[in-house]
Structures are given as C-alpha cells and as structure tokens.
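Participant: Protein chains in written order, with our numbering: chain A, 12 to 453; chain B, 12 to 453.
Hints were generated in silico from the structure; no laboratory data involved.
Zero decoy hints are in this set.
If chains are identical, the list can't say which one is meant, so a pair holds when it fits in one copy or spans any two.
With a straight-line Cα cutoff of 16 Å, these simulated EDC-like cross-link-like pairs (lysine to aspartate or glutamate) come out: (1) 257 - 289; (2) 310 - 37; (3) 407 - 375.
Model, not experiment: these values are computed from the prediction.
There are 2 protein chains.
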Amino acid sequence: MAAAYFENNFRATASFELYVRSLPPERSFLVSAGLEQALDYLERVRFQPEGIEYLRRQSVFAHVSSAFFDYLRDFRFSGEVWAMPEGTPVFGEEPLLRVTAPIIEAQIVETFLLSTLLFQTSIASKAARVVGAADGRGVVEFGTRRAHGPEAGVLAARAAFVGGCIGTSNVEAGQRFGIPIFGTLAHSFVMAYTDEEEAFRRFQRLFPEHAVLLVDTYDTLAAIEKIIHAGLRPKSVRLDSGDLGKLSHEVRRRLDQAGLQDTHIFASGDLDEFAIADLLAGGAQVDAFGVGTALATSKDAPALGGVYKLVDVESDEGPSYRAKFSEEKVTYPGRKQVFRFRDEAGSFREDVIACETERYPDAEPLLSCVMRQGKRLAPSPSLQGIQERARKELAKLPAGCRSLRSPQTYPVRFSGDLERLLEDVRDRLAGVVRAPAPAKRS
Amino acid sequence: MAAAYFENNFRATASFELYVRSLPPERSFLVSAGLEQALDYLERVRFQPEGIEYLRRQSVFAHVSSAFFDYLRDFRFSGEVWAMPEGTPVFGEEPLLRVTAPIIEAQIVETFLLSTLLFQTSIASKAARVVGAADGRGVVEFGTRRAHGPEAGVLAARAAFVGGCIGTSNVEAGQRFGIPIFGTLAHSFVMAYTDEEEAFRRFQRLFPEHAVLLVDTYDTLAAIEKIIHAGLRPKSVRLDSGDLGKLSHEVRRRLDQAGLQDTHIFASGDLDEFAIADLLAGGAQVDAFGVGTALATSKDAPALGGVYKLVDVESDEGPSYRAKFSEEKVTYPGRKQVFRFRDEAGSFREDVIACETERYPDAEPLLSCVMRQGKRLAPSPSLQGIQERARKELAKLPAGCRSLRSPQTYPVRFSGDLERLLEDVRDRLAGVVRAPAPAKRS
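This is chain A alone, in the form it adopts within the complex (with noise of 0.2 Å):
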C-alpha cells in the first residue's frame, strides 16, 4: 500500500483511529496502556538497509520505481498523535490514539501501534480485574513462562503493573522499567536437597529478610512443619497446591501457635479473578497473590478487536472525511474527541465519543496531543505515576462496571453531530464528502 500511494503520488495527509470495536464480553472496562513504547517506536522507525534490499527482491515489487526503495531509505516518522493517557479506563469504540500524518506514514506504521497499544492494554485491563478481586492485597505477576515469547513476558509485566500488580518475577522487566521484583523458590531448588528442611534452611539463611518458601514440593503441612522445626522465620510461605483455603486456614493457625505471625502467607497456581475472589469470598487466609499464565496472557480475552481506522484526508479544501460501511462494521467518520462525564464526586458518569471540535464544558476531554513532527511533546510519565493514575481512575467507575460477574455496561455514546457527519458521508454513497465549512483543528 505504501508503494501504492508513492507511486501514484498520494501524499495527502490523513488521520487514523486505533480503537477497540467493542470490548470482549469478559470485560467491562479496560485500561490504556502501551503509550510509551508507541511512543518511542514513532521517533526511532527507521528502515535498515538490508530490509530495503529484502524488499526490492520481492517479485511484488517489480514495477516499483527505485525512488519509492530511496523513499523507505530516508522514512521518519513526522506526524502528529493524540493519545489517552497511559491508565485511563477506557472502553468500545474509543479512540485511545490518533495519528495525523502524509498518509504513507500512518499506514507504515499500523500494525506495530495495534499490537503494542491492543496487547498492553489487555494485560492490564487483565490486572486491574485480578488486582480487584485481591481487594487490597498484592498481586504479583508471576507469567513470563506462559507469555507469548520472552518479550512479550517483558510487556506484559510492565501493564501488569500499570494495571495495580506490586511487582513481578520478571527480573528485566524490573531492570527496563523500574517495576519491584519478587523472587520465591521454585519446586526444583527443594527437589534438588536431599532434605526439604535442608534446601528451606539454605535459602532462608541467604535471603533472611525476603525468603518465600515454597512448601507444596511434597507435603504441604509437613513442609510448614519442617519450617518451625528448623527455627526459621521466613518472610513468606507459598502455598501452590491443593486446596488453598482450607490449607491457608491451617498453615496460619500452624504458624501462629509457633510465634510465626509475621510469616505470610502467598498463594499462587492457576489463579485468576474469580478463584481470587472465590478464595477471599471463603475466607482465606492470603496476604498476597501470585498470577501467571491467567494475567500474563489474558487468558479468558486474550486478544482485543482493535482496529486502526481512516476518518479522514486533507484536502486543499479542508477535511474529506472517511467512513466504511461494510455489513457488520461502520467506522464513524472524522477526528474525534472523547469527553468524560463525571458527577461530584468524580465518579464517571457517562463518555460522549465527539468531533473534535466540538465543545463540552463540563466534561474532560481525554485525548490530547502528545507528539508533533514525530516528537515528543513532553517526557513520559513515570510508570508509578500511571499506576497511581489508573489506581485512582478506577476508583471512579461505577461500582456495578467493576463487577467480576455480569458488570453492568457503562454509558458510551456517540454525539448528535458526529451521528450526523456520518449520516452525510453515508448519503454521498462513495463514502466521501467534503465538508461544507472546513472545521479548524483547536
């Protein structure tokens, strides 16, 4: 398509939307994420000079003129994006960026942005569910081993963590993005001593203040017997198998009896929300979880309907707006703003999906300009600091969104003049119409 543009001279520029169609019946909300290496991929895209010669050899390519292979040679990036903030709940048929650029650019840069906003936000849609169903107690993602590869091990505790885990095992995801990490043992270190009580007590001598023993290799209640014999006060006990309310309810009544208060207890194997929430709801004793493959890859959703859509192409005349019409699927035309409504208390009222210039005085508006000429208008946000803005963000959905089971749907709604744009894009059959008074950009 970028040959096609360049050879027939279309350098128009052109806006794209990358939303979601609508969210997977699994969810009620998500949370944005993915923003900063979007980010950075828009200012460091570039072409090698051996993929410019892989793409010349390509048979497809053989009435393409050499100034198109100079033009990939010298491509940068230099359009403008709006974005959400990374941490704000969002939801179907909102924009979470848009991308203003001559249009070969936009398109060239399509699918990394889908895969990077679309896969992030998903784990950490993923997160803010298990994080609430703890209910006040950490989580930790624990999932890189069941990820899509190592990297997108890396990626996924990153959102995790922007969607309200404490940490994660992922020692480079800690390095990369200052995430806190949280080792444990696993079964081979015990395995490996001839003696439980041996490997416990070699691993608590070197790591005293954050051992978590893992106490499920054999015997659950032996092992935790084994820990008190030994006179060792580990941080915590992982419990990993089993029935773990019921063996919560003993290993601490266990370890109290023998002056263990302090030592707590972290579940973890094969959990998600509902087995959270399930375990918490039979009043088990666990102070804190680990998540894995469930979180790591949003096992119940794990893939988001997201698409990249053209509203429209400038003109001499101003903006042409663009709109698709094919039977399941209508795109709405135009750049949009989208506003938040909240009542006094600041809880989320209802979302007005708007042109952009439209104006509402009331609501917030939640996409705002974060690059131009393909760079950054300000530093990025630290990840703490997105965490704590989805933490608090999320406080404000209505308490029936944030329902594990049958949430209630929240109120998304597209404005009177953007369903009218549409309705004159649509009468112009071609799907496109120009309009009448060119709206200038704010």
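Given the coordinates of chain A, work out where chain B should sit on it, guided by the hints.
Facilitator: What follows is chain B alone, placed relative to chain A:
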C-alpha cells in the same frame, strides 16, 4: 535460586525436562516449534554489565557475595540438550526438550525456554488445525496486529508456517525467516481515494500479477461490478465481511461470467478452523484464507500448561532421581525418551514415555541430542524442511485425532520401568532415591 545454589556451592549437573502436562481441551495434538530460537538463545545467553549492576543493587541480594556477580559476568550455557525436531506432533507429558547442565545454568535458562517453546508450539498447533480445515486451500497468517506485541507477531508468523500456513503478511518475518509474504490492501486504501474503482485501478496497475483487491469497504457485489467494469484482472478479490459463503457464490458467478475465471476468491474476517470448515462444508467457493487473531494468539487456547521439571541430579554414585508429589501434580523422575510406535503404513499407533536407557527396537525415539557443551551439533534444518516434516507427520496421525470436534485421544503411556522408578522414589518419601545400579547414559 541461582545465588542460593552458588553460595551453597551446589554445582551438581542436573537434568530438567520441558513438557506440556496435559493438552488444553481444545487440542488433540501439538506440533513442536521454537527450538531454533531456544538453541540460539542457549548459545548466546550472557549477562550484561548493566544487568549485573542492577542485580547487585537489589536489597534481596544484600547477603550475596561478589563472587556470585563475577560468576554471572562469565556466565555461559555449557550444557547438553536433547530435543524433538521442530514440526513433530507431540502430546501431553512428552518432553519436548531436556537440558542437562550445571544446575545454575539449567535453571537460569528455564523461563526463556518455556516461553519460546510453548508459544511457538501453541501457534504451530493452532495453524495445523486451521490448515487442516482449509483442506488443501492456502492459509495465510494475518494476525500480527493482534499478536501479543510486535515480536510475538514475528514469532507467530514463523510458527504458523511450521504448522502449514503458506505464508504471512508480516514482512519482517519474511525477511528474518524466509517465509513467503503476502500482501493485500486495507479498507483505508479504498477509503483514501474518493472513488473505489479508482483505488482498484491504481493498485492493480502497480501489482498486475499480485493484487488482492479488498471488496467489502462499502458493498461487496457493487465492488465486483466495478472491477469488471474497469476491465481489471486481479489475482484475487478478498471478501472480509458479510455472509462469506453466500457472497463467494455470487462473486464467483459474476467473475466467471465476466471471463475472470483466473481471479481467485480470498476470504478473511475473524476466521478460525471452525468457520473455515463450516464455510467449506456449505460449499463456499473460496480458494484461500487469511486467518489473523485466532491464529496469532491461538485464541481458544492461548496458553499451554508447560513446565520445566527437575528429573535428576548427578552425584558421584550416578544419577539421583527427583520427582514431585504435590497434590494434583506428579512429576516422573529420571531422564526420558519418547518412543513412537507406528503401523505398517507409518501411521502413529502409540507413544511410550520411557526411561532414557530403555530400548524399543520397533519404535522411533523422538528425542535426539542437539547440543553438547553449549554448542549446536548440526546446522539448523531449513524452515521449509521443518514445515514439510510437520506436514508428513501430521498425515500419520490417526484420523480421529485430527477431527476438529470431539477428537479421539491419542494413546500415550508411561513404561513399566518408569512407573516402577516413580514408585521407588515415592517410597523414599523425602522424594529422592539413589539408583541401585546407576544406568549409564547412552
């Protein structure tokens, strides 16, 4: 754990096996993939100075000697690896890979190996199902935008090719792995022009032998009429929404009537193996499929329950076996081999997971040594060769195992010797047993 092994001077050589405990209900077989990236990692894994500095600063390491950080500085993987070739059909409990190395090395590489092999194996397995459903028609992997980040998209394209896809829309995967790349146009290209027919003409002119024209931006049948009216002869038209089966008939009829018998019909739009099977069962006139999200995320089974388990630790008296007996999860001790029995026609009859030292002259051992002292023993097979292996081997699965719905379970059993070894280890309660007559490794 590495620090704890190091500080306790625990340097014994240990063996770990990587396997999927049980297949997800949605899968009746897996196709191994990802070994190339796993071995590449093992040859190249190093700790960078910044990484070591980062670790040193962590309070959890306050009691760890600087000798440990020196060890990390010189860290290399020096072990031995046995593995199934990529493209091998594989089942639950069957080791895909075994690492034998000084225990710290074997442990440090665990997470990378798991995420690499499990992810690619899950995608190759999904691809095999989708390709099977397409019944000889080509399937192109289309899912990068919904993959778990950009790098996951590239690896998904590779794994999908192993599983039988004819190519990918991911150009980077094409460049890195030599996978055929397939392009098409997006709705945005059609929308960018004020006239759909003009968009088609311009695209077709640049790619006369390769153009795949997307026809559903506004109205599929009207778009077909425009193509005919403009006298275009595209390689394919792509249907992406609506009732694909019904549309395919009407589109085929109109194309044929206009003399465009050579123009293929390419279908896409939230497809998976079930949608494809249903379309073809209904007689859809589709020549090839583009499959995205369902494939690149293995959406119905986005994670495999893969583990990496310690099975023995070498000592002066020979291998000392390890097993695990926590409530739901048993790990069989000792290094294993997977033996595949076939009937006269070469079809798989049964697999036996046995001690490495057992011999079954009538069966094929699936694991072979691929790395010694941290170096690969042979050049990597070509990706085309891997795909071919998978194709041939999948054809030897019992037909019932290949059914999309309610497939039959392929018979896999543990050998008598292995069951006895497990019982021996269990009898010693502490979970460790010395071999009475140490088996020598072959």
